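Asker: Just so we're aligned, residue 1 is where the sequence shown starts under this note's numbering, counting upward by one.
Since the hints were made in silico from the structure, they are not lab data.
Each hint should be verified, as a subset may be incorrect.
Said to hold, decoys possible - When the alpha-carbon atoms are kept at most 25 Å apart in a straight line, the in silico DMTMM-like pairs for lysine to aspartate or glutamate are as follows: (1) Lys-91 - Asp-121; (2) Lys-110 - Asp-166; (3) Lys-72 - Glu-154; (4) Lys-80 - Glu-159; (5) Lys-178 - Glu-140; (6) Lys-108 - Asp-166; (7) Lys-178 - Asp-67; (8) Lys-91 - Asp-166; (9) Lys-108 - Glu-137; (10) Lys-30 - Glu-78; (11) Lys-108 - Asp-127; (12) Lys-110 - Glu-154; (13) Lys-72 - Glu-104; (14) Lys-170 - Glu-140; (15) Lys-80 - Glu-154; (16) Lys-110 - Asp-96; (17) Lys-80 - Asp-67; (18) Lys-58 - Glu-120; (19) Lys-170 - Asp-67; (20) Lys-170 - Glu-104; (21) Lys-72 - Glu-120; (22) Lys-91 - Glu-137; (23) Lys-80 - Asp-149; (24) Lys-170 - Glu-137; (25) Lys-108 - Glu-120; (26) Lys-80 - Glu-140; (27) Lys-113 - Asp-149; (28) Lys-113 - Asp-67; (29) Lys-72 - Asp-149.
As the structure is a prediction and not an experimental result, all values here were calculated from the model.
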Amino acid sequence: MKFRPLLLVFTTLALASAHAAEEATPATPKPSLMHRLLHPFGGGKSGPAGKTKDANFKSLTMKLALDPTAPKLSESRELKVIVSLANTGKKLVQLDFPTTQRLEVLVKNKAGKRVVQWSEDQAFTSDPSVVAINPGERLEYTVTISTRDFAPGETYTLEAFFPNFDPLRKSLPITPQK
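Assemble the whole structure, with the sequences as input and the hints as a guide.
Answerer: Right, here's the structure in full:
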């Protein structure tokens, strides 16, 4: 019998706090307790598909190199393209990729017509993944493109980029020799 007043007080407090919580709902919903237990580091829910987290592109430095630097069509049938991406900042940079393709390399002629597209004969799967670049570290990708469609003495533009990240794009003029 002595517990009835305490039960009444606790019930009233619980209802009052529930009503106050309904009135003061935050603009962004807070994850449930179960979600927080299953994803203690904030994983699980992400933004809309195709969107990337705000990567700090200012701290990323992209370089593009060729091997050989002055290709001779009579000596080589392919050209190595080396793309490096370095994190010069002080924070970790994450790049979200919707597929297994990380890089695209195009070669265009003077008119802007595509002569070579590296990804044409590559196989990619739709496995989303995240690439993290720590401060002071760099990634390096090496791809090989064919020189069969090149004409000696003609100037081409080699363009390398990361498909979902517009600021990460670099181009380089090349003029193959005979």
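Asker: Could you work out which earlier hints the structure fails to respect and list their numbers in ascending sequence?
Answerer: Hints 1, 5, 9, 10, 11, 16 and 18 contradicted; others consistent.
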